[in-house]
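Protein chains in written order, with our numbering: chain A, 1 to 331; chain B, 332 to 876.
Possibly wrong hints are sitting among the right ones.
Cut-off 25 Å, straight-line C-alpha distance, at most; resulting in silico cross-link-like pairs (DMTMM-like, lysine to aspartate or glutamate) [claimed, not checked]:
1. B/K685 x B/E670
2. B/K839 x B/E557
3. A/K165 x A/E290
4. A/K16 x B/E577
5. B/K350 x A/E210
6. B/K839 x A/E44
7. B/K350 x B/D772
8. A/K102 x A/E210
9. A/K16 x B/D841
10. B/K697 x B/E630
11. A/K164 x A/E313
12. B/K798 x B/E785
13. A/K16 x B/E557
14. B/K697 x B/D853
15. B/K697 x B/E613
16. B/K839 x A/E12
17. B/K798 x B/E577
18. B/K697 x B/D612
19. B/K350 x A/E12
20. B/K350 x A/E44
21. A/K174 x A/E249
22. A/K173 x A/E210
23. B/K675 x B/E630
24. B/K839 x A/E81
25. B/K839 x B/D772
26. A/K95 x A/E251
27. A/K164 x A/E44
Derived from the structure by calculation, the hints contain no laboratory data.
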Amino acid sequence: MSSEEPSANIAELHHKQPAFRGLEAGHLACPGCGQALGARLVTEAIGPDVIIANATGCLEVFTSAWPRSSWRVPWIHSLFENAPAVASGIEAALKMQGRPTKVVAMGGDGGTFDIGLQSLSGMLERNHNVLYVCFDNEGYMNTGGHRSGSTPHAAVTMTSPSGKKRMGKRHLKKDLLAIIGAHQIPYAATATVAYPSDLRAKVRRGIEIEGAAFLLVHSPCPLGWGHEGALSIEIARLAVQTGFFPIVEMERGAVVNAMQIRNVRPVAEYLRPQHRFQHLFSDSPEAREELEHLQQLADYNIERYRLTSGQSESRDTEATDTVMRGGMRWS
Amino acid sequence: MPILTRGSFANAATSLALKTGDWRLQRPQYRHRSAPCAVGCPAGENPQAYIAMVAEGNLRGAWEMLVAANPLPAITGRVCHHPCESACHRGSYDQPIAIHSVERFLGDRAIAEGWNYPLKPSSPDAPRVAVVGAGPAGLSAAYHLARLGLSVTLFDAEPEPGGLLRSALPPYRLPRTVLNSEIARLLAVGIAFKPNRRVGRDVSIDELRADFQAIFLGPGTSRPREWSVDGTVPSDLRTGLDLLREWISIGAIPTYNRVAIIGGGNTAIDLARVLKFSGVDEVHLITFQALPGPAVRREEAMSAAPREIGQALEEGVTIHDRRGVRRLIMRGNRVVGVETVHMKELGTATGERKLVSFEGTETILKVDHVIPAIGQQLDSSVFGNLLGQPSIFVGGDARSAAGTVSGAIGDGCRAAIAIRNYLDGLPPAGDEMPRPIAFDDLNINYFDHAPRAEALILEVEHRSAEKEIEAGISHQDLNAEAHRCFSCGECMSCDNCWTLCPDNAVLKADTRDGWRYAFDYDHCKGCGICANECPVGFITMFDEQ
């Protein structure tokens with residue numbers, strides 16, 4: 001009950017944590033970065049025996065300010081578009097050597113939805129035994145917040161401003177999961193930093209599976225989305241609870257599982273804390289129409305992926321991360 | 332650190348040398364906040380803390396923590412109106428924690444296992460304190476004085492200790508075995524008990540003053556309040572408490588056909604139930620207070636415990652709430668009926684509250700007896716002019732108008748501390764608690780709904796005045812209840828902060844003082860995720876200087 005900080009040697013404690021931490025402190029991500037948290041959780045679930053190939057993007061930049069690195073695992077960055085190709089080569093070499101080390105490729109949505117899509121498609125088509133993790137913060141946030149193929153409809157970015165003609169991004173968010181599914185790979189899933197138990201379980205599944213696996217992790221960006229860093233988890237959770245970002249699993253291109261939403265929240269609750277959607281709350285017919293459009297897109301997700309069963313389930317949006325005294329649930 | 336100049340190459344985890352804590356505008360800190368149950372407990376218990384120990388499987392430790400505030404948990408677990416549960420934040424989510432059931436389980440377990448208070452015997456030259464009245468306030472004061480190392484002598488007018496607990500609480504609410512076990516354990520801590528000594532009759536205040544260095548007075552209220560309707564008093568009038576005491580001590584009660592009891596407190600309800608159990612046809616209870624319900628404000632509701640009111644209704648007691656007696660209908664000097672009228676407490680222009688009766692709402696109720704149960708007052712002939720005397724301390728019903736057992740126990744504890752400070756020449760201690768936590772400061776997303784453990788209650792047809800009506804909960808239900816607790820304002824080691832920090836700046840520290848995490852301020856950027864996602868509100872953000 002003491003309010004004093006424990007008088008432990010903090011620097012030593014970094015080496016005495018009960019779980020492996022693949023991404024260490026001292027990286028240069030913004031306060032409240034969803035991607036930094038996501039990368040941390042993913043590497044913790046994988047463990048130390050892994051090689052990571054990283055595409056250009058925030059994650060690459062903020063973890064590798066030369067001459068220092070935040071990684072505790074072998075990690076390589078080559079180009080924006082070739083992380084899947086690099087990972088494919090590493091996997092082939094390890095296979096030749098008969099070594100069991102896992103291979104993981106990481107990229108942002110820019111490197112995955114747009115720039116590296118071709119090499120990703122090749123890796124999936126050749127069914128390399130690689131887990132590809134895309135941290136989806138819905139824009140080119142490293143270079144100043146430009147729109148990407150993943151930016152949601154109506155979101156304001158530097159290159160999709162809101163004005164007289166348009167209310168933010170004109171186009172829809174690319175349905176990457178359908179593209180991935182078309183490759184008939186053994187396992188693909190979406191996850192979010194708001195539900196770490198679910199995220200870790202999916203990383204382990206993707207690693208265990210023989211063949212290519214793909215994981216899309218929704219990762220809030222306080223700077224690019226325009227919200228308080230403290231709200232990153234809350235916003236990511238609302239994205240799921242509104243149906244805006246569906247949490248699903250696919251095997252061989254078929255949806256086999258979807259996290260059920262116990263209490264569906266109106267999409268405005270997700271949008272309101274974010275500056276990139278503020279223009280939708282102005283008093284104009286256009287704003288009202290676009291707001292309704294986003295609500296319809298969320299409703300369509302719920303319909304399409306069957307996100308409501310009407311029953312309480314142990315892995316639904318309310319129960320997945322129920323806390324327990326002593327922290328048992330995260331393991 | 333080796334720096335290789337060829338190409339881009341860096342050693343693992345070398346970024347730890349970068350102190351990104353420099354960026355921080357706000358600093359998270361672990362801060363205990365008071366749980367609403369602890370704030371709401373008149374006896375000064377901290378249910379959140381002992382429920383946490385129950386959840387860890389440490390029943391003995393939980394009981395010892397509980398009796399550090401309240402030495403009589405098996406009794407209060409049964410008879411307290413548990414304001415802790417009305418305050419419980421879980422009530423704003425699904426249903427409050429059954430704190431009274433947890434308290435009772437621990438109290439019963441201690442009796443069954445023969446656990447003793449973790450006390451050291453007081454030294455022979457300890458200061459001597461007299462405690463007057465062996466009711467809940469006096470017993471609590473005696474116990475806490477003994478805990479603080481003082482030598483205690485306890486006086487009571489009756490042959491047996493217990494005060495109102497013994498004389499006014501019927502066995503269906505408080506079995507005598509429970510009462511006797513807890514009081515015997517309490518007196519065994521080295522308290523000298525002097526029965527049959529009424530202060531003012533057998534011993535005077537001045538005599539006590541000569542023999543003791545301080546005096547605690549917990550005499551209760553023994554004088555019935557005056558009652559009449561416009562000066563009319565039936566010749567055979569008996570008060571509610573008087574009848575209840577008579578029934579408890581000799582097991583008999585006068586036979587009535589139709590009775591109206593005036594009052595909305597526990598005595599009124601207890602008497603109504605005892606009369607019903609003993610075969611009275613019609614038992615009416617008339618009170619200007621309201622039946623408790625979701626739409627009724629706490630201060631407007633009947634002061635009896637809601638569960639007792641509910642059970643009385645099940646047993647066939649008729650309650651006329653928000654009504655007052657306008658007139659007694661007399662035949663000679665005997666009552667044959669009462670005229671009741673709708674009544675409500677309303678605010679006046681000066682902000683006070685006053686009772687207003689509404690013309691045109693009069694009803695006649697035929698009864699053959701009227702029994703006022705409107706409370707007692709202090710016997711001021713003995714205790715009237717002791718105010719302001721430095722070595723004399725007062726607690727329990729004698730101090731406040733709306734007395735409760737738990738309030739009296741809290742008074743005893745506070746008085747004991749005040750007496751110790753007085754004897755040591757220290758200033759009186761204030762009641763200091765950490766800032767209470769609001770429901771909105773919890774993060775409810777991390778909890779899931781679970782039903783409250785309800786104790787088994789005897790069916791109406793099996794009830795009698797002698798048999799306890801409410802049972803305790805099972806050990807399994809106890810554990811389930813302990814895990815339902817939100818742990819408001821106190822760390823439950825859930826790992827949320829440790830798991831959700833984007834900067835690895837929350838570390839498991841495994842310290843031994845109850846919580847297990849430490850902030851690495853060299854790397855914490857102050858984003859506030861940990862504070863926002865802490866389910867129990869144990870993390871507060873402070874501006875950096």
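To see whether the hints hold, each was checked on the structure:
no.	hint	result
1	B/K685 x B/E670	20 Å, holds
2	B/K839 x B/E557	65 Å, violated
3	A/K165 x A/E290	13 Å, holds
4	A/K16 x B/E577	69 Å, violated
5	B/K350 x A/E210	40 Å, violated
6	B/K839 x A/E44	15 Å, holds
7	B/K350 x B/D772	30 Å, violated
8	A/K102 x A/E210	11 Å, holds
9	A/K16 x B/D841	10 Å, holds
10	B/K697 x B/E630	30 Å, violated
11	A/K164 x A/E313	45 Å, violated
12	B/K798 x B/E785	19 Å, holds
13	A/K16 x B/E557	73 Å, violated
14	B/K697 x B/D853	80 Å, violated
15	B/K697 x B/E613	10 Å, holds
16	B/K839 x A/E12	11 Å, holds
17	B/K798 x B/E577	18 Å, holds
18	B/K697 x B/D612	12 Å, holds
19	B/K350 x A/E12	15 Å, holds
20	B/K350 x A/E44	22 Å, holds
21	A/K174 x A/E249	18 Å, holds
22	A/K173 x A/E210	30 Å, violated
23	B/K675 x B/E630	12 Å, holds
24	B/K839 x A/E81	38 Å, violated
25	B/K839 x B/D772	23 Å, holds
26	A/K95 x A/E251	24 Å, holds
27	A/K164 x A/E44	47 Å, violated
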